[in-house]
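**Student:** Protein chains in written order, with the numbering used here: chain A, 1 to 300; chain B, 1001 to 1440.
Bear in mind the hints are in silico, worked out from the structure with no lab data behind them. Worth double-checking, as some hints may not be accurate.
[As the list claims (entries may be wrong)] Ranges between beta-carbon positions, derived for each pair:
1. Gly1104/B <-> Thr56/A: 42 to 50 Å
2. Leu1231/B <-> Phe108/A: 39 to 47 Å
3. Pro1087/B <-> Gly164/A: 35 to 43 Å
4. Arg1256/B <-> Leu4/A: 13 to 21 Å
5. Arg34/A <-> Arg1207/B: 53 to 61 Å
6. Pro1087/B <-> Gly123/A: 49 to 57 Å
[Unchecked claim] Residues of chain A placed beyond 12 Å of chain B at every Cβ, according to the derived structure:
7. Leu36
8. Leu73
9. Glu183
[Unchecked claim] Just a few of them, taken from the derived set where beta-carbon distance is under 10 Å, the chain A residues facing chain B:
10. Tyr15
11. Glu115
12. Arg185
13. Thr220
For each residue, glycine too, the CB sits at the ideal point set by N, CA and C.
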Amino acid sequence: MTLLLFLAILDGLAYAAQVFMVAVGLTLIFGVLRILNVAHGSFFAIGGYVAATLGTWAAATAAAPVLALPVLLLAAVMVGGVLGPAIERLVLARIYTKEHVLQLLVTFALFMILEDVQKLVWGVQPIFQDGPVRALGQVEVGDIIYTAYQLYLLPGVALATLFGLMWFLRRTLTGRVIVAVTEDREAATAMGIDANRVYLLTFTVGTVLAALGGALASPTTSLVPGVGVNMIVLSFAVVATAGLGQIEGAMLTALLIGLGRSVAVYFAPEFEVVIPYIIMVAVLLIRPHGLFGRPELRRV
Amino acid sequence: MAKLTRRTTLQAAVASTLALPALLPRQAIGQQKPSEIRLGISTFLSGPASVFGVPGRNAADLLIEQFNRAGGIGGVPIRSIVIDEAPGVDFLLGECRRLVQNEGVDVMLASISSGSCLAVAPLAEQLRMPTILWDCGTQRIFEEASYRYCVRTQANAVPEIVAPLLYLMKIRPDFRTLAVLNQDYAWGRDSWAIWKAAMDAVKPGVRVVAELFPRFGATDFSTEITRLLALRPDVIFSTSWGGELDTFIRQAAERRLFERSTFVLPLVESSLERVGKTLPEGVIVGGRGDHWFLHPTAKDTRILKDFTAAYRQRFNLYPIYPTFHMAQALYGLKAGYEKAISANGGSWPSREQLMDTMRGLEFAHLTGTMKIREDGQGLEPMLIGMTKHVNEYPFPVIDRMVLFPPELTMNPIGTKGLDWVRLLTPASVQRAPAEIPYRA
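Modelling step: build the complete structure from the supplied sequences, incorporating the hints.
**Tutor:** Here you go:
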């Protein structure tokens, strides 16, 4: 029983890391831009596809083991660096002042377009590139075999992302500027802060994080049409449970969902599918603004 | 008012005769040879199931071109109109109505999803639309209702699950524990119900140590794999497919789960080329019917060799089971029309004549022959085997093949599959045909 619980915790941590990597970008973008970005799932999927494509190229070179991990980061930066600024400037910048419903519809339209772009470029056959998993090898816990990628790398990157973001937002000038715009855009603008630049930067960082989530998932999963849909639904559950815009909350919620799901697989498998949503409903019934969310004051 | 004379009466008669074809709906002109056969095809062009839907559509494109080059069907060329069933049943029904009423479609080929077929079959009756169910697996269609305008040119879920079970019993009769990992939707649940009922009949006392149903579209099976590694079941059964099956295989291989349990994967034929030799030897393989591009009795035939070569040249992939299912539907349609034309003295048959002919029809396709039963259900053997690594292909081939005949795995007309499998006995295993080894 103790061993099973220990194994469940290990699995839960690895799953939580994956979930957090997708949700953190979504919550960051909402926290600053106040836009619920449905296209986030597409950034995840495209990040995965580009990482798998680069990984396949790297696997054919002599330096395959060395390149296996850096290509994941490279893919995330490429996707986020291109799609993020382009979409923010060309599309989102025009709808910041519009109603939330319209913003939701526009990002949904983007999502649909990007889904078709994926099919156009990568087709419909599942794509898989597990070079990074093989490069890191396996680890034995008791007589259970894990991959080092799952046990060490994913949680490590998730923790590094959490602490890196916290440090960036609280200890750097750019981060503090972002926080200032989040708190009160008008006051920040009056003090000379270029809010548009802050929005551009934040959206790009959020896009890179989504693409990094996809890139990190790509060595362990098959990329198929619709992979972005599945992740966006789960990410929304995490973000809503945590409280919109709450980065630490997203990590805690990802942990709750990850551990809850893996304990369910061990002890009550029929609840595996619904566990994230049971947690979400339970939290929102007690705290309607999420675990870390707070009610917004209405400005008059 | 014009005066009615013999001349005006004759003029009116001639004019109305000439205008009739344009005024009446196409279905009312039963015996007139059309200028083309308009063929509606519903398949998944988007979403996860497009891994099956697109190869099916590709096969249709390729074969229709081949048929048309050879004169079409009965001298009439075929024109296909493809619709996506991914948006859901309501959308599909609307599209089917549009195809029939606006596009004047003559025959429909529907669909991949069982839910789609269960909805399309009653609509086909209502619209009097000849419909061939080309890929969906649910056995309920012809068990729960009788349809004049629907037939199925493939087997169904009952033999697709019973055959791998009989194969497992033949290969590894001593198994005592089993775990299941299926997708959490209708097929995952229904296929497990058939397997469980049949297994309890042919081998009572097997302990099911885990029933895992990860959500449809899951991208990670790490937790399930840890659980299976800890439980060490003798057999792991999974009817998963597409990207999820590929992911499960990769993750299970990375964590050496294949070394601890015998895997039964009734749909894995469609994943072999993608997962490559990550899938080890000794895994029990199925492909939903009597087909494979290296089919043991058809691999050297010109028709299969040419099709495989043409398919590979055009799509850079080997054909998989939905490709063959589409081929079966098209060869069945062609045979049905030709037989109906012949029975009609060379005249073009009405849709009722066509569908009446389809029942009892026996026709050749790419890998063998199949028969359509009187209730509209197709009968075909089930090819089951075991993975083997060879030098000729960068992915596993199927060895130790058994072609289970339909009389051993399919419930008779008038019975329900789920009830019938409970009547199976261990003797069913003894009646299985001999194994056929893989030949290069």
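**Student:** Please list, smallest to largest, the hint numbers that this structure does not respect.
**Tutor:** 6 and 12
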